[in-house]
Each structure stands twice: as structure tokens, then as C-alpha cells.
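Please put together the full structure from these sequences, using the hints given.
Residue numbers (the working numbering), protein chains in the order written: chain A, 307 to 763; chain B, 307 to 763.
Don't take every hint at face value.
Said to hold, decoys possible - Examples of chain A residues lying across from chain B (beta carbon under 7 angstroms, computed):
| # | residue |
| --- | --- |
| 1 | Tyr317 |
| 2 | Met323 |
| 3 | Tyr388 |
| 4 | Asn416 |
| 5 | Thr418 |
| 6 | Asp463 |
| 7 | Phe480 |
| 8 | Glu483 |
| 9 | Arg486 |
| 10 | Thr487 |
| 11 | Ser491 |
| 12 | Pro494 |
| 13 | Arg686 |
| 14 | Tyr734 |
| 15 | His738 |
| 16 | Val741 |
Claimed, not checked - In silico BS3-like pairs for lysine-lysine, Cα to Cα no more than 25 angstroms straight-line:
| # | chain 1 | residue 1 | chain 2 | residue 2 |
| --- | --- | --- | --- | --- |
| 17 | B | Lys562 | A | Lys566 |
| 18 | B | Lys325 | A | Lys717 |
| 19 | B | Lys311 | A | Lys325 |
| 20 | A | Lys386 | B | Lys325 |
| 21 | A | Lys472 | A | Lys708 |
| 22 | B | Lys401 | A | Lys440 |
| 23 | B | Lys315 | A | Lys562 |
| 24 | B | Lys401 | A | Lys386 |
| 25 | A | Lys708 | A | Lys315 |
| 26 | A | Lys315 | A | Lys401 |
| 27 | B | Lys311 | B | Lys562 |
| 28 | A | Lys315 | B | Lys325 |
| 29 | A | Lys315 | B | Lys401 |
To be verified - Pairwise CB distance ranges, derived in the manner of DEER restraints:
| # | chain 1 | residue 1 | chain 2 | residue 2 | range |
| --- | --- | --- | --- | --- | --- |
| 30 | B | Glu668 | A | Thr513 | 54 to 60 angstroms |
| 31 | A | Lys325 | B | Glu716 | 26 to 32 angstroms |
| 32 | B | Thr713 | A | Lys325 | 37 to 43 angstroms |
| 33 | A | Asp370 | B | Glu476 | 51 to 57 angstroms |
By construction, these hints were calculated from the structure, which means they are not laboratory data. Idealized CB from N, CA, C, for every residue including glycine.
Residues per chain are reported as follows:
Protein chains: 2
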Amino acid sequence: MSNEKIPYKIYLEESEMPKEWYNVRADMKNKPAPLLNPGTLQPMTAEELAPVFCEELVKQELDDTTPYIEIPEEIRDFYKMYRPSPLVRAYCLEKKLGTPAKIYYKFEGNNTSGSHKLNSAIAQAYYAKKQGLKGVTTETGAGQWGTALSMACSYFDLDCKVYMVKVSYEQKPFRREVMRTYGASVTPSPSTETEIGKKILADHPGTTGSLGCAISEAVEVATKSEGYRYVLGSVLNQVLLHQSVIGLETKAALDKIGEKADIIIGCAGGGSNLGGLISPFVGQMLRGEEDYRIIAVEPASCPSFTRGKYAYDFCDTGMVCPLAKMYTLGSGFIPAPNHAGGLRYHGMSSTLSQLYDDGLIEATSVKQTEVFEAAEYFARVEGILPAPESSHAIKVAIDEAKKCIETGEEKTIVFGLTGTGYFDMFAYEKFHDGVMDDYIPTDAEIAESLSKLPKVD
Amino acid sequence: MSNEKIPYKIYLEESEMPKEWYNVRADMKNKPAPLLNPGTLQPMTAEELAPVFCEELVKQELDDTTPYIEIPEEIRDFYKMYRPSPLVRAYCLEKKLGTPAKIYYKFEGNNTSGSHKLNSAIAQAYYAKKQGLKGVTTETGAGQWGTALSMACSYFDLDCKVYMVKVSYEQKPFRREVMRTYGASVTPSPSTETEIGKKILADHPGTTGSLGCAISEAVEVATKSEGYRYVLGSVLNQVLLHQSVIGLETKAALDKIGEKADIIIGCAGGGSNLGGLISPFVGQMLRGEEDYRIIAVEPASCPSFTRGKYAYDFCDTGMVCPLAKMYTLGSGFIPAPNHAGGLRYHGMSSTLSQLYDDGLIEATSVKQTEVFEAAEYFARVEGILPAPESSHAIKVAIDEAKKCIETGEEKTIVFGLTGTGYFDMFAYEKFHDGVMDDYIPTDAEIAESLSKLPKVD
Chain A
307 MSNEKIPYKI YLEESEMPKE WYNVRADMKN KPAPLLNPGT LQPMTAEELA PVFCEELVKQ
367 ELDDTTPYIE IPEEIRDFYK MYRPSPLVRA YCLEKKLGTP AKIYYKFEGN NTSGSHKLNS
427 AIAQAYYAKK QGLKGVTTET GAGQWGTALS MACSYFDLDC KVYMVKVSYE QKPFRREVMR
487 TYGASVTPSP STETEIGKKI LADHPGTTGS LGCAISEAVE VATKSEGYRY VLGSVLNQVL
547 LHQSVIGLET KAALDKIGEK ADIIIGCAGG GSNLGGLISP FVGQMLRGEE DYRIIAVEPA
607 SCPSFTRGKY AYDFCDTGMV CPLAKMYTLG SGFIPAPNHA GGLRYHGMSS TLSQLYDDGL
667 IEATSVKQTE VFEAAEYFAR VEGILPAPES SHAIKVAIDE AKKCIETGEE KTIVFGLTGT
727 GYFDMFAYEK FHDGVMDDYI PTDAEIAESL SKLPKVD
Chain B
307 MSNEKIPYKI YLEESEMPKE WYNVRADMKN KPAPLLNPGT LQPMTAEELA PVFCEELVKQ
367 ELDDTTPYIE IPEEIRDFYK MYRPSPLVRA YCLEKKLGTP AKIYYKFEGN NTSGSHKLNS
427 AIAQAYYAKK QGLKGVTTET GAGQWGTALS MACSYFDLDC KVYMVKVSYE QKPFRREVMR
487 TYGASVTPSP STETEIGKKI LADHPGTTGS LGCAISEAVE VATKSEGYRY VLGSVLNQVL
547 LHQSVIGLET KAALDKIGEK ADIIIGCAGG GSNLGGLISP FVGQMLRGEE DYRIIAVEPA
607 SCPSFTRGKY AYDFCDTGMV CPLAKMYTLG SGFIPAPNHA GGLRYHGMSS TLSQLYDDGL
667 IEATSVKQTE VFEAAEYFAR VEGILPAPES SHAIKVAIDE AKKCIETGEE KTIVFGLTGT
727 GYFDMFAYEK FHDGVMDDYI PTDAEIAESL SKLPKVD
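So this is what it looks like as C-alpha cells:
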């Protein structure tokens, strides 16, 4: 096809936007393993989950048989404010590389949260509102999820309490300020507002906090406050369900221009973006309709797929949440400072873990410095300043496009560009100044962390 | 029309994008007054302008008779990476306000420069490249223009030297870092790289710089370096020409949905956005085809239209540039600290000044605090976090929509949302903390500044 036929940006019409999310679990023969109650080691029931999560979200979390779930009209209306996101044909990147490959990326950064996180935040806020709740609590590290949730809560007039890892709170005052603009309360964690926060502060005076601690505080406040629930931005089945809107739009746009992907690439932290992007494509594979090469890209500093173990583990470092079966480095694994904060998670969504174990997706890991090289290269030719997380996918997409130069193959590569890097300039600065490190955990470090996995027969 | 008929976002097809810029001067009976040589007080000739600006841009600067000027294909290709920008129907804002008015905004913030500035930056870089130049120099205050130019130069492989007002350089390290990502060199101004910089540093040790000083440094470097020219992001006729792409797209999108604007609102600093947005509409007015109410919104702290004088003045505080006839507060006017850095200019584009003097546009000024109130209100209902500059237009659009509640009129309001506020969170923080000031210059201060206007005839 010529340049004339395929535009730079492929937008669906509003009427072509998905009206249902796709639940890939329904098409999986090997279902993702259930969440376990850490006390009884029995699958968590809806009743056990209800004090923590909204009712409708508990249903979605546990439903592995319904393939399509209607997107409520209120959520679709909100989606229309920033969706459909464009599927972009990377003409300039192709030209600069001199590759015969066709490169497309699904760009999720054109909203104020700066990432795909808003897709699930608005859904979770909607169900909280529908249930008549007063508000929700959550934790945020780098700040994308907290921002997305603040926006969603503001729209539905819900209270939003964000526990932000103290070091991020102090180093990223502007992220905090965006959340305040949307009316959220942002508390540096650990705080003196919770029992667990007070305990941690007593045990470790001067600590700058951790995601695990912030989760524990958010869960404590949600379960102890009348009319509040806790919400989470990744890992969970419900989040992957909401994020399927990314993949559904991508597939619809490709179908519209008569294009078929050969390779689909996404960055992988907890799995919200990757799971959403690939869902409908994996669905085709599971139903035997089509075949794709799917690549998950993770940071070499936090390689849960490529060097972790498939086992039951805690979802949080505070060990207050249920156990999930997943590729994990151990809930006590502390990744080296890595500026792709969104990928610093010790485990991987259960659904993606099962798909990986079944051989439907492959995984690779990349080093931070080469990720930023790819990010800068991309920014200069395609204009968009990518988030460090997204740049993991860019790196591998460029590598695959380069292979096509050698083989002469005209492959169609699709990758997820999850967000923008406007709040990550501190990391870019380190890269420009040549002081970015590339630490990779040793086998001994990973083995040590894995030795502490909970014992589940 | 029902919600079903008009989508939230109206995108033109790539094939519907403008292929020519519109030069409103061609339809003006009273032409904007020419630039004058400050020594001879005679109109600047192409020969006199050639050492400073690229040849083709000099032509565009002086051409007030050709109504349509072709957009070169290379520029149109670049435009396709981030344009067409959406014309958004603000359904949520309308609903929240309870207004019978229909509100639309043209959103120029979905590109990495974060504003409309890229529309002219890419054009100016293209002509520099076409002329075989090595690079360009410019100044930047808040950083939007410097970022846009860095992106454009990176695309065309041109060297880009940005002189950034020292106080911004230090307070906005992330803006600087974005420019570095695009390969620009960013020098805090005043610097020891130029004669004028050295002189200023000697006279005022410890100065944090000014836009006037940065302009002088950029012009000095451009005129003294082989293969370099100076470029400017606003005020000039050529810039308004390039920015007409905003208005042309807006008009095409409105035509496409069968809508006719009643009121068109834009923020006004040097005039690049306002001039671009209104050009084709003013063209219709000038040709007697249609009538619109057009409102320029300026900060009360820097009210060149509403409290300035229509007279010849220096374009820069350093008095190295030609004289322009414009509404001005005097080139020595120093606006009170105002976080809408893009609107802190003592004068107004000659073209807009003439249109204002002829009664084709009206002007109003708004205070900073009420601008941020409108910004936050807008962010919460429409999702987008607006730049302080753009929020001036939001404030007046909301006021006009509220008037419609009282009168019951179903007016169609269109405003320009020029950019995003991701790099303006320091200002938002001041607003949230209640420490934002609303200083308005006294009549005596303005009179004092205007008393120093250069004497022309």
C-alpha cells in the first residue's frame, strides 16, 4: 500500500469504538490460577473480596467465562473525551531506519494522565460511584496511576485519597500538583494517618517509603473507612479487562486499513498495558483463527518473565493482599533504581503469566541505557517524547525493524506506546549527562529473593 | 443537532488538511504598517532583513497581497505527524455549566512542544534548511517556543541554539532537558558567549536575564555566525501566516459538521495563536461574506490591547530589532510576575493591532487568579490540563456561555486551546496554595512606560 492509502494517523470513528470489553480469560483453556486467601490458601471468594473492592469489580475479577462485557454508557462517554487513541503509522521512523518493515504504534499518551492508566481508572471510579461509595483509596509510585484516578474521581465527584511513595512525593512535586488540580488528597507514604504507617515510621525513622508500604496504607484506610474501597491500576484481571479497549481499537484500526500484524510488542511491568494491547489478538490465537508473534519487553533490572519463577506469591511487599500465581522475582525483590517506575514490579499479572507459560507470548529484557537511546531516537524522528516504560517497546520494535533490513522481509510490527515522558525529564537528564546506571540483578540475588516465596503445596 | 450527530472530537481527514496558508493581509484594506528601520525610519527592505531572517521568510514577511501561499509538501508531511488537531465539542463543559450555548475548542496541545508553536517552527526550520543554512538561533522564555524549534530542527537536521532566560533555565530544568533531547544547545542568558551578554553581565552582575536580553544574544549570534539566521515564534507576519493552519482547520471542521461560529475567542500575547485562529474568519468579515464576534483575551497584568497605545515601538526590550506599529505598553514595560509567560509581551502583532484598530476584533483582560479558577474547572470537566496562556480564553468562553444561560441564546462559541500545562505546575501550586498575586499596573506606570516610545514622524 502506498503512502496515499494509509494516513499517518488512523482514527476510528466514534461509532466504531468498542462497546464491550473483551475478557481473554473466557477463551483460555488453561485459566489463570485463582487468587488465594493467604490464611486458608483457598481461592478468594466474592465475599472475601467485597470489603476491599467494589462489588461489580469483584465480579469482573472472578469471571473467567464471559467473553464480552458491556462498557457502560457513562464510561463510553468519558472515553470519547480522549479516545479513540490514534494508531500511528511510523512513516518517519521507517524511513530513518531504512527498513522494509511497516511499523505502527498505538499511542495512549494524549490525555492528561499521560498514559493508558485512565482506561481502567474511569471504569473503577464509575463502579464505585454506582455502588454509592464516598470515595476510593490507592497508592501511586511514579504518579501516572494516581493522576488517572484523580481525573476519574473528579469526573464522578468521588473522594480520592492517594498514598504516594514519599521519595516520589518529594522528587515529583509536579505530579502531586496535577493530582491536587483534580481535587485528590495526596499523602506522602509512610504517613501517620494509618496504623501500618505509624509502625513503619517507628521501625524505620527517616524511610522514604516503598510501593508496598503505600499499598498497605491505602488498603488499611479503604477497609477502615465507611464508604471507601481500594483500587489498583495494574496486575488484576479487572484491569486487563478494561485495558482491552487498547487492543480492540488497535485491531479495529488495522482491520479498517486491511493490515495484519505479524509482531505485536508491549512493555511489561504488572501487565496492564501489555494485557490490554494483546487481548483480542491472543483471543484469535486461542480460538485457532490467526497467529501472531507477541513480545513482552521488561527491564533487565526487574526481569520477572525472563528470570522469575512461576509460583504463588504475595502481590505486595507488605503481604496484606491475596496470593497470586504469577511469574515473580519474590515479593521482597527490590529492583535497582530504574527510571521506568511503572515497570518496577516484582511480579506479572496472572493472566499474562499463564499465557506466557503456555507459550503464547515470548519475553525479552532490555537495559535502561539502550532504552533511553531508543527513546531519544524515536523522539527525534516521530516527534513524541516517550515515557521510559513505553520506550522498552520502542527499543525492541526498532530491533525487529532492523532485522527486516537484513532479511528483506516486509513485516508489520505493532507496538504499544503507552505514554509520554513529560514528568520523566529527571531520568532523561541522567541519560544526557551519561550517569545512568544499568545494574542487573545477579543470579544469587534473585535466588535469595525467590527462596522466600510463600509455601503453597 | 443531537449528540449522535456531532462527535466529541471532530477530526479532518488527512486529505482535508489545508494545502495553503491564508494570508489575511491580502484581504485587509488598511494594511498593517510596515516595519521601520530604527536608524532611517524608512520601511525595512528585503535586503535589510536578509542578514537576520531566511530569504523565503523575508518574502512572506513583506507580502501583503498574496492571499494563499502553498504549504510545501515537506511541511505538510511533518504536520501529518501531529495534525489535524481535533476540534472538540465540549459536551461535558456545556452540561456542567447548564448552558444552551454550544462550545467548541481547537486543541493544539497534542504534540511534544505542548502548544501551537510547532506550526511555525517547522516552517521556519524548513526554509532555513532549503536555503542551505547550518542552523538557527532563537530565544525562549517559558520554553514552549524553544521546544518547538528544537523538534523542528532535529527533524531537518539543523543546528539549534536556544538562549533561555536564565531564571527560566534554572527554574524549569525539565523544559531545558526536553530541548536537549531534541539535540538543541541551550544557553542561559545573559551568557559570556556574546558581546551583549558580556556587557550586560558586567553592568548587572547576578542578573537573572530577560527576554529582551535573550533576543539580543540570539540575534547577535545569528548575524555573526556563517550560515545562521535568527527565528522568532510570534508577533511577525510570517508567524501569523503559518499559524493560519489552526483557523483553516477549525473552519473546515465547522463547515464539515454544518456549524457556524457566533463568537471566536483566543488568548493574546504576541498574537501568534489568536492571529492564526481567527485569520480565515476575519477574511470572511473583510470580504463582507460573514460576521463574527471575535474576542482577544489578555492578562490584566500586561494589557497591551486594552490599555496600550497604537504607535511605533521597538519589538524587543534590547532595541536591536526594527520598529513595528502596534498596540504597545512601551518596550521598557516590565509586567508583574505572571505565570502565563507566553502572554508577557509588551506589544501585539501589527496585523492584529490594525484589525483591532479597525474594529474587527474586540479585547478584554482577565486577572490571573480567575484564569486559574477557570483552568481548574475546565481540567476537571474536560480532562485536559490547560496551559495558563490558553486558560485566558477558557475564562472568557465560560463567561460567554454563562451569559447564554441568562438570555437563553443557543450561541456557538469557539475558542483556541493553545496548549497543555504540564510544565506549569509551579504556577498551579501557587494557585492551590492561595499565594498567587493579581497585580495590575497603575495608569501612572503605563503612562511612564509609554512616555519613552520612540519618536516616529
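Exercise for the section: Compare the structure with the hints numbered earlier in the document and write down the numbers of the violated ones, lowest to highest. Expected result: 2, 6, 11, 12, 16, 17, 18, 20, 21, 29
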